[in-house]
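Participant: Now for the letters of each chain:
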Amino acid sequence: MNAPERRTYQVAIIGGGIVGLFTAYRLLRAGAGPVVVLERGFLSSGASGRNGGGVRQQWDSRVTVRLMREAVQDWKQFGREFGTNVWFRQGGYLFLAASPAEVTRLGQVTEAVRSEGLDGRLLEPSGVLRYAPSLSLDGILGATFLKTDGTLYPFPGVWGVYEAVRALGGEVRLGVEVTGVRAEGGRVVGLATTGGPVEAPIVVNAAGGWSGDVSRLAGLSVPNVASRHEILATEPLKPFLDPMVIRLSDGLYFSQTMRGEVVGGLSVPHPTGTRAGVPTSTTFLRTMSRSMVRLVPSLAPVGVLRAWSGYYDDTPDGFPVIGEDPRLPGFFHANGFSGHGFMLSPASSKRVAQAVLGERTDLDPALFSPGRFLDPHRSTEAEGLQPG
Amino acid sequence: MEPVLVPGPTAGRPDLRRLPPRTRSTRYHRPRAPFCGVGYCTNCLVRVNGVPNVRSCRYDAAPGDVMTVENAWPSARFDILGVFDVLFPHGIDTLRGFRRPAFAVPWYQRVVRRLAGTGAFPTPSLPPRPAPGRSMETDVLVLGAGTAGRAAVETFVAEGVRPLVLEREPVPTPIAGAECLGRTTAVFLPPPRESGPRPFELIASVSDGSAIDVRARTVVVAVGGYDASLWFAGSDRPGVVTAEGAERLHPAVRPDFSHAVVFGGGPRAFQILERFGAQTDAVVAPGSIDPDVARKASELDIPLFPRTLLLAAVGRRAVRGVRLARRGGDQPPFRLEADAVILAHRRLPHPQLFFQAGAQMEWRPGVGAYGPVVGGAGATTVPGLFAAGESAGAASPDRARESGIAAATSALAPGPGSRPTPSPPSDEHNELEGYYQELLTAGPGPGKVVICPCEDVLLGELLEATERGYRGIEVIKRYTGVGTGLCQGRYCLPDALLVLALREHRTPREVGYITQRPPVVPTPLGAFAGLPDEVEATP
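Protein chains in written order, with our numbering: chain A, 27 to 414; chain B, 22 to 560.
Please keep in mind that the hints were generated in silico from the structure rather than gathered at the bench.
A virtual CB, placed ideally from N, CA and C, is assigned to each residue, including glycine.
It is possible that part of the hints are untrue.
[To be verified] Dumping the calculated DMTMM-like pairs for lysine to aspartate or glutamate here, alpha-carbon to alpha-carbon at most 25 Å:
#: 1; chain 1: A; residue 1: K173; chain 2: A; residue 2: E137
#: 2; chain 1: B; residue 1: K317; chain 2: B; residue 2: D277
#: 3; chain 1: A; residue 1: K264; chain 2: B; residue 2: D277
#: 4; chain 1: A; residue 1: K102; chain 2: A; residue 2: E128
#: 5; chain 1: B; residue 1: K317; chain 2: B; residue 2: E452
#: 6; chain 1: A; residue 1: K173; chain 2: A; residue 2: E96
#: 7; chain 1: A; residue 1: K264; chain 2: B; residue 2: D114
#: 8; chain 1: A; residue 1: K173; chain 2: A; residue 2: E150
#: 9; chain 1: A; residue 1: K102; chain 2: B; residue 2: D86
[To be verified] Covered by chain B, according to a simulated footprint, are these stretches of chain A (three or more residues, beta-carbon under 8 Å):
#: 10; stretch: 322-328
#: 11; stretch: 378-384
Let's have the full structure, built from the sequences with the hints guiding it.
Facilitator: Next comes the structure, spelled out in C-alpha cells:
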C-alpha cells in the first residue's frame, strides 16, 4: 500500500494536517513526482483534529468569500471523491450583532456575500428565532444568515485525504520531526529530520501553529504568531440547533454536531507560542459557560463533556500565506490560515499546488504572497472576521 | 415515552432511586440496564423534570419529580428503533456510508441526526440560571474521604493542620478536625501556578448543580479507583454489572439475580463471593484463582473455572447464560445457565487529576493502566501534589492506610523532598493481554461485541481501523469514536489499549497515553458559569 521509504523527493511537505495532506494530494494528481509528507505527531494531532468544523462563506473580503464558495462545493463532493463521509451539513451560519457598529459591519459582510452571488441575509432580531429558536435575544440588535454555510466532521476529512495520498503513491511519515532546512547556493536542497535526511528541491511549510518555527529553521523571519484557542463539547442532545451561531461581541461560536454534542469556543486567545502545550484553563471554562448560558439559558443544566485547545496560525492581516518565499527559492508557504485552514483547504491547496508547479494562481500577491510582509507599502486590506 | 411521577415522601425509600430499570443505547437501541453503580456509565440516564441525561443512580428522587426514559419510543422495554440492532448485525458504517447518491445526502443527514444524541433539549420547570458558586482557600486539600484520604486527614489533624476534604459520595459522619464536603467531585486541577502561597486552583462540581473554586498550597489526591469493564459478545446486556454495580445499585434498580457468574479470581472476586455467595453459580477467571477465593467457593459449593474465556453473555433483554471456553483452545466452548455476570477481575485507578495537573504518568503493567509516577512517600513529579491509596498503587485497605499516612507525613515535612523517579520500563505483561489475544483468536460471539457502550462502537470497527493501517490510541479514538462518550472512556479505552497493543504488535505503553480531558465528570455549563470571578489569592 505504501511506497518504500526513499530519500529523494520532488516535494517534501512539512505538516500532515489537512493543509499538507490536501497539498500532497493535489500535487500527486498533477503528476508532480515523488511527494513526502512529514508529520511530527500522529494524524490529526494538530489543529486539523482540534477545530470546531465550521465552513462558512461570510467574510469581510470578497476574495475570501470567493475561495470559500469554491471550498463549499468541494466539501459537498468530498464523500464521493475521497470515500469517507465528512457529514458536511449545510445548516447555515448565524452571526449576531450586539452594537450598532457590529450591525454596520454585518451589513458590509452581507454586501460582500451577495455580490458573489450568495444568498446572505440581514435579519432583524426577531428573524433570528426562525433559525435558532433556543436563543435568548437579550441585547441582540441584528444578525446575518447564510443557509449554505455549514459544519463538518474534521477527522474523516483527514482520513480521506490521507488514504487518497497513499493510494496515489505519496508517502506520509508519521512521528518524524523536521529539525533543519538545508540550503545550498541560496536555494532549498532538503531537510534534516529525526528520521534522517530528506532530499527535495521543493519544501512546503504547512506546519500550522508551528509554521513560524519551521520558517525560522530556514533562517526566515515571518510575522506568523501561534495563538492558543480553547474549545469544549457538551454531552450529546437530540437535535435542537441547525446553524453555527456566532456572537461578534465576544467571539462566542457554537454548533451542534451530527452526534448531538454542542461544540464551541470563544475568543480568549493566549498568544503564548507553542511551548505551553495545549492545556485547558479555568478562565475559559468560566467565560465560555457564562457566555453560552447567557445566549441559550436552557443549556445551563447540560454537562460539559470535555474541553481541549489548539493553535491558530495567525498573520497580521488575517490572510493566509501562500507561495514561494522570495528570500529562499524552493521554500513554499502554505500557512498563516488564522483559524480557518481546515475549511479553506480544498480551495487553498489547489493554489499551493499551482504555485509549487510554477503555474500562475488567481491569488492577489498583495494579499497572499509571502513577500507582502516585506513591503512597507503593502495593502491595508485585512480579513478580520475571525471567530468560528 | 413512559413518564413516571415519583409518589409520596422519599425519606427512607431508597427504592425510589430505582427509575428507570431499563434504557436503550444510542446508536442501535440495544436494551440496557444500570451497569456501573458509580455514576459514570450511560445505562441509567433519565430525563428528570425536563433536564436531560440525569444519572438516576446518583439522583435522589423527590416527591413530584417527573422522570422520563430517553432515546426510546414508545418505551425502553419495547423500542421500535431496536430494529436497527437486528437489521445491522455488523453495525452501521457512518464513516464510509451514506455518501451516495448525492441527492439523498441531506435526507441521510436528517435521519442520522435525529437518531443521534441521548436526551432532548432541556425544558426545566424552573427558569434555569447559573448556579452561584463559591471560592474557598485552604492550606491542605484532601480529595477523597476513603480509607487513604481519612488516614491522611487524621495525620494532618494530629499535627494541628485543618484540611479541607472533598468527597464524591455523601459523607454521613463528620471527620474530626477537618472541614468535609460530601457529594462534591473534583473535576479540574490545572498545573499549579509558578508562585504564590496557594499555587493550586481546583474546580469541584457539587451535586446541587453549582461549582466551587478552591485555592490550596498542598493537594493530596486519594480518589481511589473503579471496577473495570470487559468485552465479550453481549457484554453490554442487562444483567452484566461491575462489582461496584452489584454492590451499590439497589436491588430494585439492577436486574435481580440468583445465578450469577462472577468473573475474576482475586481479592475483588473474594469480596463479591462474601456478599453474594448464595446467589452465585460459578467463578470464572482469566487466569489462576487465588487460594482464598477457591476456599470460599468450595465452602459455598460453587464450581471454579480458572483460565477460562468468557465468550458471550447469552440473552437479549437479560442475561440467560454465558458461553465459556477453557483457555488453550483445544476444547469446545460450553454454556452455563446464569442470570447475571459480575465483573470483578480488575480495578483501575482514576488518573485524571494527576494528568491534568501535569504530573508525569507511567504505565503500570500489573494493573494494566496508567498512573502517576509516585515516590515512596506519595510525592508526584508536581511539587505539592501527593498521591495516596489506589492512585499510589495501594491494593489493600492496609496499604491504602499506610499510603495516606505517608503522603500526609511527607506533605508536612519541610523542604522540597526527593523527586520521584519513573520505574524502568519492564517486559511484564498484564494478565488480560494474553487473555484478549486468545479471545480474538477464538472469536467471541455470536452477536455484537460492543467495546464502547456509550457510543455503541463495535470491536470490529476497532479491528478494521488497525487493518487499514491506523495506529495509536489517539488516532483510533478519533477514527472510531471509542472513548468519546459520556463515561469519558472509562469503560472502553483501557481495554481498547490492550487490543491495539496486540494488533499493533507493541506494548500498551507504546500504543500511547490515554489523554484525559477535563472535566473529570460531565459538569453543567451553569456550574462553570456560576463560578466567582477570578480573584487573586490572599497571602
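Participant: For every hint, state whether the structure bears it out.
Facilitator: Going through the hints against the structure:
Between A:K173 and A:E137, the direct Cα distance comes to roughly 15 Å. Compliance with the 25 Å bound is thereby established for this hinted pair. For the proposed pair B:K317 and B:D277, the alpha carbon gap of about 23 Å is at most 25 Å, so the pair holds. For a cut-off of 25 Å, the pair hint linking A:K264 to B:D277 is broken: about 32 Å separates their Cα positions. Among the hinted pairs, A:K102 with A:E128 is inconsistent with the structure: their alpha-carbon atoms are about 31 Å apart, more than 25 Å.
A distance of roughly 23 Å separates the Cα atoms of B:K317 and B:E452; the hinted pair therefore holds under the 25 Å criterion. Taking the CA atoms of A:K173 and A:E96, the gap is near 15 Å; set against the 25 Å cutoff, the hint holds. With a C-alpha separation of about 20 Å, the suggested pair A:K264 and B:D114 falls inside the 25 Å cut-off, and the hint holds. Only pairs whose Cα atoms come within 25 Å are accepted, and A:K173 paired with A:E150 is accepted, the gap being roughly 16 Å.
For the given pair, A:K102 sits about 46 Å from B:D86 by alpha-carbon distance, which is inconsistent with the 25 Å threshold. Given a C-beta distance limit of less than 8 Å, the hint that chain B covers the stretch 322-328 of chain A holds, as 6 residues qualify and 3 suffice. Chain B is given as covering the stretch 378-384 of chain A, and this is violated because 0 residues of the stretch bring a CB closer than 8 Å to a CB of that chain, at least three being needed.
Hint compliance for this structure: hints 3, 4, 9 and 11 are broken, all remaining hints hold.
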